[in-house]
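Q: So you can see what is in the structure, the chains are spelled out below.
There are 4 protein chains.
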Amino acid sequence: MTGTAAPELDVVEWFNTEEKLTLAELRGRVVVLHAFQMLCPGCVASGLPQAKKIAAVFPRNEVVVIGLHSVFEHHEAMTPVSLAAFIHEYRLGFPIGVDRPGGDGPLPHTMAAYGMRGTPSLVLIDRAGIIRHHAFGAEDDLKVGVEIALLMAEGRADD
Amino acid sequence: MTGTAAPELDVVEWFNTEEKLTLAELRGRVVVLHAFQMLCPGCVASGLPQAKKIAAVFPRNEVVVIGLHSVFEHHEAMTPVSLAAFIHEYRLGFPIGVDRPGGDGPLPHTMAAYGMRGTPSLVLIDRAGIIRHHAFGAEDDLKVGVEIALLMAEGRADD
Amino acid sequence: MTGTAAPELDVVEWFNTEEKLTLAELRGRVVVLHAFQMLCPGCVASGLPQAKKIAAVFPRNEVVVIGLHSVFEHHEAMTPVSLAAFIHEYRLGFPIGVDRPGGDGPLPHTMAAYGMRGTPSLVLIDRAGIIRHHAFGAEDDLKVGVEIALLMAEGRADD
Amino acid sequence: MTGTAAPELDVVEWFNTEEKLTLAELRGRVVVLHAFQMLCPGCVASGLPQAKKIAAVFPRNEVVVIGLHSVFEHHEAMTPVSLAAFIHEYRLGFPIGVDRPGGDGPLPHTMAAYGMRGTPSLVLIDRAGIIRHHAFGAEDDLKVGVEIALLMAEGRADD
Numbered sequence: 001m002t003g004t005a006a007p008e009l010d011v012v013e014w015f016n017t018e019e020k021l022t023l024a025e026l027r028g029r030v031v032v033l034h035a036f037q038m039l040c041p042g043c044v045a046s047g048l049p050q051a052k053k054i055a056a057v058f059p060r061n062e063v064v065v066i067g068l069h070s071v072f073e074h075h076e077a078m079t080p081v082s083l084a085a086f087i088h089e090y091r092l093g094f095p096i097g098v099d100r101p102g103g104d105g106p107l108p109h110t111m112a113a114y115g116m117r118g119t120p121s122l123v124l125i126d127r128a129g130i131i132r133h134h135a136f137g138a139e140d141d142l143k144v145g146v147e148i149a150l151l152m153a154e155g156r157a158d159d
Numbered sequence: 001m002t003g004t005a006a007p008e009l010d011v012v013e014w015f016n017t018e019e020k021l022t023l024a025e026l027r028g029r030v031v032v033l034h035a036f037q038m039l040c041p042g043c044v045a046s047g048l049p050q051a052k053k054i055a056a057v058f059p060r061n062e063v064v065v066i067g068l069h070s071v072f073e074h075h076e077a078m079t080p081v082s083l084a085a086f087i088h089e090y091r092l093g094f095p096i097g098v099d100r101p102g103g104d105g106p107l108p109h110t111m112a113a114y115g116m117r118g119t120p121s122l123v124l125i126d127r128a129g130i131i132r133h134h135a136f137g138a139e140d141d142l143k144v145g146v147e148i149a150l151l152m153a154e155g156r157a158d159d
Numbered sequence: 001m002t003g004t005a006a007p008e009l010d011v012v013e014w015f016n017t018e019e020k021l022t023l024a025e026l027r028g029r030v031v032v033l034h035a036f037q038m039l040c041p042g043c044v045a046s047g048l049p050q051a052k053k054i055a056a057v058f059p060r061n062e063v064v065v066i067g068l069h070s071v072f073e074h075h076e077a078m079t080p081v082s083l084a085a086f087i088h089e090y091r092l093g094f095p096i097g098v099d100r101p102g103g104d105g106p107l108p109h110t111m112a113a114y115g116m117r118g119t120p121s122l123v124l125i126d127r128a129g130i131i132r133h134h135a136f137g138a139e140d141d142l143k144v145g146v147e148i149a150l151l152m153a154e155g156r157a158d159d
Numbered sequence: 001m002t003g004t005a006a007p008e009l010d011v012v013e014w015f016n017t018e019e020k021l022t023l024a025e026l027r028g029r030v031v032v033l034h035a036f037q038m039l040c041p042g043c044v045a046s047g048l049p050q051a052k053k054i055a056a057v058f059p060r061n062e063v064v065v066i067g068l069h070s071v072f073e074h075h076e077a078m079t080p081v082s083l084a085a086f087i088h089e090y091r092l093g094f095p096i097g098v099d100r101p102g103g104d105g106p107l108p109h110t111m112a113a114y115g116m117r118g119t120p121s122l123v124l125i126d127r128a129g130i131i132r133h134h135a136f137g138a139e140d141d142l143k144v145g146v147e148i149a150l151l152m153a154e155g156r157a158d159d
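Chains as they are written, first to last, in the numbering used here: chain A, 1 to 159; chain B, 1 to 159; chain C, 1 to 159; chain D, 1 to 159.
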């Protein structure tokens, strides 16, 4: 889906933010969308630590990190109650939205709209709302940092 | 409590074993008791991988690894339903017992009986049922392997 | 020295490059200067792997990685002959220069000119030849990637 | 060679010990022989840290760790002068012997006598001087700790 407009988030509950976030309102900033499941080993070992680092390195008014809890298996084991404890124990400070459960199948709505193949998935959305990077699995910190920085710089150059 | 008889396990539900385990019936073998919580970062990062490795290295008829899910916080987030999914996702194959929830306070029964200070906690019980090692927090793989091997060898020497 | 013009390199021997490199001729590109010693544990464990990664991620016509072998101790143990074997064994592919040994004291010339406090040291020089980052010790991959990318983007914006 | 008598060490120079070590005089103790090259990345990353850990965990009067600098390539780059600086920088405290250079080929004498395939190589010799473990490449800390502890315990059982 790289190169196309990022579908709006469909979230039923937010953590770490008082107001609901929408991509529409974040237009003008780079959005780092990190889809995870709290019981996914790869998310815990690499994806979420990377998301924390990104949130710490970039200024919030330029780059916004959003966690998306996209549960597509063991639904009864990863309820918002369990997620709240997980967020507390792992000291996650960036906004996290619970992806709306699917009606027919196991896939939640936002995950399906983005065509994600599993968790962790990382989607980078540029200041204009276009998907510029869309990947499944662990990714190298240095490489990801470079990609986000280049997207951040694009906007500046347009000023 | 090192040097004293190991209190019996008080478990309400077992995973990865068809029969309930008791220290009484395991007398004659070394028991490696690994107390954890599924949402405890230190358990996920170091304690449980170490327990898996111990279970893989030692012969089961000499050394038995038992996981003890000792929940003392976020009780509603770490129910047996969530634990079952966690065990599946993290590919834990050794027997795991759910420590009996405490009546009055947050501490479950076995955890309280052993005077554990938190999770992960590692308790090594010799072939005679005596506690020989009792520690809280991450421990070095090599050191732990040595301690268990020496306990295992003790029994052989007595033959 | 951040904000000042980068002193020219003073190198007695080059590896991995047929022509001698000078900052003067690299003007217009971002230069990543990584000072190390082959027997410095921190360089081997984190600095050099990071330099390799930087060289792999960025296009050579925009960002040039230069290793600088700045020996300030155990001089007789880290001669160019030993360095050649080290470069081969550690599969270092980017250009590496041997910092000119100091006449009076233990510090080699380029290291002294940059006021480096030890190894590893990382210096980032922008397209205009100005030092923009100057640090001693291990640095986070993601953070370093971001800094270099922003320097790289600066140039583009000016076009 | 597992199960056969360990060939005597053939060493031209010792570090970290005032007296020359021989397997003959160490009979009665377990000997951990760690063959390495100072410019071998696998030795630096895993073999030598493991040897340090073994030396720290086991009592010296039961288990003796010996490093063997078995240079079979880049001979001019890994002279005893360079090795001395390496030992200092990597804070290696156990006895290290320089394997006697081979006359005809690149392999040093002790390495050839043991039929080692490269570095790092780990050889475990029991209290009776018999080779009990002989492996090339990185090995798991827990597993190695267990093997050494069982060899150490053997002696005790015989008392």
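Read the hints as simulated data drawn from the structure, not as lab findings. Just so you know, these numbers come straight off a predicted model, no measurement behind them. Note that CB positions come from ideal geometry on N, CA and C, so glycine has one too. Hints are supplied without guarantee of correctness; some may be wrong.
Residues of chain B placed beyond 12 Å of chain A at every Cβ, according to the derived structure [claimed, not checked]: (1) 21; (2) 59; (3) 60; (4) 76; (5) 80; (6) 84; (7) 88; (8) 131; (9) 139; (10) 150; (11) 155.
To spell it out: a stretch of chain D is covered by chain C in this simulated footprint if at least three of its residues, at any positions, have a beta carbon under 8 Å from a beta carbon of chain C; those stretches are [to be verified]: (12) 14 to 26; (13) 49 to 55.
Q: Decide, hint by hint, whether the structure agrees.
A: Outcome of the hint check:
Residue 21(B), annotated as away from the interface, keeps every beta carbon of chain A farther than 12 Å; the closest lies near 24 Å. The beta carbon of residue 59(B) sits about 27 Å from the closest Cβ of chain A, which is more than 12 Å, so the claim that it is off the interface holds. At the 12 Å boundary, the C-beta of residue 60(B) stays outside the reach of chain A, the nearest C-beta of that chain being 25 Å off. Residue-level check failed: residue 76(B) sits 6 Å from the nearest beta carbon of chain A, not beyond 12 Å.
The beta carbon of residue 80(B) is not kept farther than 12 Å from every beta carbon of chain A, the shortest such distance being approximately 10 Å. The Cβ of residue 84(B) does not lie farther than 12 Å from every Cβ of chain A; its closest approach is about 7 Å, which violates its non-interface assignment. Some Cβ of chain A comes within 12 Å of the Cβ of residue 88(B); the nearest lies about 7 Å off, and the non-interface call is violated. The claim that residue 131(B) lies off the interface holds: its Cβ sits roughly 28 Å from the closest Cβ of chain A, which is beyond the 12 Å cut-off.
Every Cβ of chain A is farther than 12 Å from the Cβ of residue 139(B); the closest lies at roughly 20 Å, confirming the non-interface assignment. Annotated as non-interface, residue 150(B) keeps its C-beta farther than 12 Å from every C-beta of chain A; the closest such distance is 32 Å. No beta-carbon of chain A is positioned within 12 Å of the beta-carbon of residue 155(B); the least distance is around 35 Å. Residues of the stretch 14 to 26 of chain D lying with their CB closer than 8 Å to a CB of chain C number 0, which falls below the three-residue condition for coverage.
Coverage of the stretch 49 to 55 of chain D by chain C is violated. Counting CB-CB distances below 8 Å, 0 residues qualify, and the rule asks for three or more.
Hint check: violations occur at hints 4, 5, 6, 7, 12 and 13; the rest are consistent with the structure.
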